[in-house]
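Peer 1: Here is how the chains run, residue by residue.
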Amino acid sequence: MSKEVVLDVDGLRMRYGTTDVLNDVTFQARHGEVLALLGPNGAGKTTTIEILEGFRMRSAGRVQVLGSDPAHGDERWRARLGVVLQSWRDHGKWRVRELLAHLGTYYASYSSDMIQRPWDADELIQAVGLTEHAGKKIKTLSGGQRRRLDVAIGIVGRPELLFLDEPTAGFDPKARHEFHDLVHRLADDHETTILLTTHDLDEAGKLADRIMILTGGLIIADGSADELARRIAGEDEVRWTHDGQHFVTSTTESTEFVRGLFSRYGKGISELEVRRASLEDTYMALVRQGEAAARESKETAR
Amino acid sequence: MNPTTTAIRAGWARGLIELRQSFTNGADLLSHLLWPVLMLIVMYFMRDTGFGSSGLLLGTLALPSILGMNAALGMVSMSQQLTAEREDGTLLRAKATPNGMRGYLVGKVVSVAGGLLADLAILLIPGLFIVDGLVAGSPGAWLTLAWVLVLGMVATLPIGAVLGSVFPSARSQGLIQLPILGMIAISGIFYPITSMPEWLQWVAQVSPIYWLGLGMRSALLPDAAVGVEIGESWRHLETAGVLGAWAVLGLAVAPIVLRRMARRESGSSVAERREKALQRVG
Chain B
1 MSKEVVLDVD GLRMRYGTTD VLNDVTFQAR HGEVLALLGP NGAGKTTTIE ILEGFRMRSA
61 GRVQVLGSDP AHGDERWRAR LGVVLQSWRD HGKWRVRELL AHLGTYYASY SSDMIQRPWD
121 ADELIQAVGL TEHAGKKIKT LSGGQRRRLD VAIGIVGRPE LLFLDEPTAG FDPKARHEFH
181 DLVHRLADDH ETTILLTTHD LDEAGKLADR IMILTGGLII ADGSADELAR RIAGEDEVRW
241 THDGQHFVTS TTESTEFVRG LFSRYGKGIS ELEVRRASLE DTYMALVRQG EAAARESKET
301 AR
Chain C
1001 MNPTTTAIRA GWARGLIELR QSFTNGADLL SHLLWPVLML IVMYFMRDTG FGSSGLLLGT
1061 LALPSILGMN AALGMVSMSQ QLTAEREDGT LLRAKATPNG MRGYLVGKVV SVAGGLLADL
1121 AILLIPGLFI VDGLVAGSPG AWLTLAWVLV LGMVATLPIG AVLGSVFPSA RSQGLIQLPI
1181 LGMIAISGIF YPITSMPEWL QWVAQVSPIY WLGLGMRSAL LPDAAVGVEI GESWRHLETA
1241 GVLGAWAVLG LAVAPIVLRR MARRESGSSV AERREKALQR VG
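Protein chains in written order, with my numbering: chain B, 1 to 302; chain C, 1001 to 1282.
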């Protein structure tokens, strides 16, 4: 499991004026991993991703993206990255195929033995499901189609590392599902390392091998969906009926609790229901903790 | 093939694609045709009006001057397109592509310069039939026209790129139109500069618009027309000097300003401007 580290962030800080947006962000990503950066709005997700993309200068900390500091990344480095930002509305007069073929030409001189660049425009259009729109002007695409084109542009150079900032914002459930398939294919078939931001927990759980929760400028949790749910002493909910009365209790040790119930009341227990702490509960608990901690540290600083 | 060559080729292809787009959609086509057609109508009605006792016709004097003015206005479209494409994220897209910025700029120069040449032809070719007294038959005339035009574009397009980088939004672009219209008014385009007060003549001679107009008149007007110019000379040396100075200045400053502007582009800055633009509408 010791695959090459493609993203290495250590003590990243970002300060605008006197406001700290990122306090001390530290994480790593290995080749082929899909990482989700999850957090409430304004948590610093976009700032983090823009620093990694080389679009924004950081205030402090060490950052290595594909072995280079993104603040000084050259064009060869740039060719190995794919970037999908939150909102694009450029190239409205261009046609889908025309733009993909054009942008692909910039990558041609960065082909390697391992990776043939760029992705063939027609194949790519098919991969993102835009074949019937290939000849359309981009400004006539619907929101979901436009977003799929954005992703196609992001991967036209067959990136080794792909950044996706809120990729499914404004998608309907079907488009979202198709998009998830596409991300899975990129990760599985092409071994693309992917860092995506989202505030949708469900999406993070479905797409990512690892979830990092960013709030108050800090990563407060980092692990797989299961690990996160386990790590926080998530409180399971146990409901049962005894003597015609309904009971509800929250406990971290639901199995032990139920065993106790049975040994005490035996057959007197009915309608037993155990609800495991969901990832969503875990997330909300973590975010609340993180926000409280951030408030506290601000007050101490004052 | 090395990446720089790739980028220049890609930029060239990009310019041609944009050029084709701008001649195949209604709105752009209208903007290509509107001014030349209006100018041609004006010239048609001016064609028999003489200027003073020089024996020259106003329409004859105006056609080359207007050509010069239009050539200088390439600067405005350069600047407008840069600002608009910064706002809609085109520049950021270029930034996210390897050598994309270089390709983008090459493309922009090709499409703006190409559009300009097409616009000049749209005006000049019918103009030659409407207006009498031009010396369009001699090869010397076309040679002069060519060097003035090329030098004029090298002088004005970088200024346009600088203006497009400095102004934050498409709206503030409107502000730079006013001084440019003012420069046009005093640059001897619609009326010979020698009939203006001397201090205004000095102001006008700083601007590339005046020299482009003068250069075009020197190419297309008969020698007798030199009588209405300053110093009764076509002043080719000075034309090359002033346009050359603007070119050097522009080419020196533009890369610095463009680089600074490009460095500041990020997803959030594009989103922010988009937000502002939406607020203005709402």
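It is worth saying that the hints were derived from the structure and are not from the lab.
You may find that some hints are simply not true.
Simulated crosslink set (DSBU-like; lysine-lysine; CA at most 30 Å straight-line) [claimed, not checked]:
| id | chain 1 | residue 1 | chain 2 | residue 2 |
| --- | --- | --- | --- | --- |
| 1 | C | K1276 | B | K137 |
| 2 | B | K136 | C | K1276 |
| 3 | C | K1095 | B | K93 |
| 4 | B | K137 | C | K1095 |
| 5 | B | K136 | C | K1095 |
| 6 | B | K3 | B | K206 |
| 7 | B | K139 | C | K1276 |
| 8 | B | K267 | B | K206 |
| 9 | B | K136 | B | K174 |
| 10 | B | K139 | B | K93 |
| 11 | B | K93 | C | K1276 |
| 12 | B | K174 | B | K93 |
| 13 | B | K3 | C | K1276 |
| 14 | C | K1095 | C | K1276 |
| 15 | B | K139 | B | K174 |
| 16 | B | K137 | B | K93 |
| 17 | B | K206 | B | K174 |
| 18 | B | K136 | B | K93 |
If you want a taste of the chain B side facing chain C, the calculated C-beta under 8 Å gives, among others [unchecked claim]:
| id | residue |
| --- | --- |
| 19 | F27 |
| 20 | H31 |
| 21 | G32 |
| 22 | T46 |
| 23 | R56 |
| 24 | A79 |
| 25 | H91 |
| 26 | H102 |
| 27 | Y107 |
| 28 | F257 |
These numbers come from a predicted model, not from an experiment.
Glycine included, every Cβ here is placed at the ideal spot set by N, Cα and C.
Peer 1: Compare the structure with each hint and give your call.
Peer 2: Quick rundown of the hints versus the structure:
1. Simply put, K1276/C and K137/B have alpha-carbon atoms about 26 Å apart, close enough for the 30 Å limit, and the pair holds.
2. A hinted pair counts as satisfied when its Cα atoms are at most 30 Å apart, and K136/B with K1276/C qualifies at roughly 29 Å.
3. A hinted pair counts as satisfied when its Cα atoms are at most 30 Å apart, and K1095/C with K93/B qualifies at roughly 19 Å.
4. Between K137/B and K1095/C the CA atoms are separated by roughly 22 Å; this keeps the pair inside 30 Å, and the hint holds.
5. For the suggested pair K136/B and K1095/C, the alpha carbons sit about 25 Å apart, so the restraint of at most 30 Å is met.
6. Straight-line distance between C-alpha atoms of K3/B and K206/B comes to about 23 Å, which keeps the hinted pair within the 30 Å bound.
7. Of the pairs offered as hints, the one joining K139/B and K1276/C holds, with about 21 Å between alpha carbons and a cut-off of 30 Å not exceeded.
8. Proposed proximity of K267/B and K206/B is contradicted: the alpha carbons are some 40 Å apart, above 30 Å.
9. Taking the CA atoms of K136/B and K174/B, the gap is near 22 Å; set against the 30 Å cutoff, the hint holds.
10. Only pairs whose Cα atoms come within 30 Å are accepted, and K139/B paired with K93/B is accepted, the gap being roughly 7 Å.
11. As the CA atoms of K93/B and K1276/C are separated by approximately 23 Å, the hinted pair is consistent with the 30 Å bound.
12. Only pairs whose Cα atoms come within 30 Å are accepted, and K174/B paired with K93/B is accepted, the gap being roughly 27 Å.
13. A distance of roughly 44 Å separates the Cα atoms of K3/B and K1276/C; the hinted pair therefore is violated under the 30 Å criterion.
14. Distance restraint check for K1095/C and K1276/C: the Cα-Cα separation of roughly 22 Å lies within the 30 Å cut-off, and the hinted pair is therefore satisfied.
15. Distance check on the hinted pair: K139/B and K174/B sit about 22 Å apart at the alpha-carbon level, within 30 Å; holds.
16. A threshold of 30 Å between alpha carbons decides the hint, and for K137/B with K93/B the separation of about 6 Å falls inside it, so the pair holds.
17. Only pairs whose Cα atoms come within 30 Å are accepted, and K206/B paired with K174/B is accepted, the gap being roughly 15 Å.
18. Restraint check: the Cα-Cα separation between K136/B and K93/B comes to about 9 Å, which is no more than 30 Å; the hinted pair holds.
19. For F27/B, the interface hint is violated, since its Cβ never comes within 8 Å of a Cβ in chain C; the closest pair sits about 20 Å apart.
20. The interface hint given for H31/B is violated, since its Cβ lies 21 Å from the closest Cβ of chain C, which is over the 8 Å cut-off.
21. Interface restraint check for G32/B: the shortest CB-CB distance to chain C comes to about 22 Å, outside 8 Å, so the restraint is violated.
22. Hint on T46/B holds. Least Cβ distance to chain C is approximately 6 Å, under the 8 Å limit.
23. At a threshold of 8 Å, the smallest CB-CB gap from R56/B to chain C is about 5 Å, leaving the interface hint in force.
24. The restraint placing A79/B at the interface with chain C holds, with a minimum CB-CB distance near 4 Å, inside the 8 Å limit.
25. Restraint check, H91/B versus chain C: the minimum CB separation of about 6 Å is within 8 Å; hint holds.
26. Taking 8 Å as the C-beta contact cut-off toward chain C, the hint placing H102/B at the interface holds, the least distance being around 6 Å.
27. About 6 Å separates the beta-carbon of Y107/B from the nearest beta-carbon of chain C, less than 8 Å, and the hint is met.
28. Against a cut-off of 8 Å between C-beta atoms, the interface hint on F257/B is violated, since the closest Cβ of chain C lies about 48 Å away.
In this structure, the earlier hints numbered 8, 13, 19, 20, 21, 28 are contradicted, and the remaining ones agree with it.
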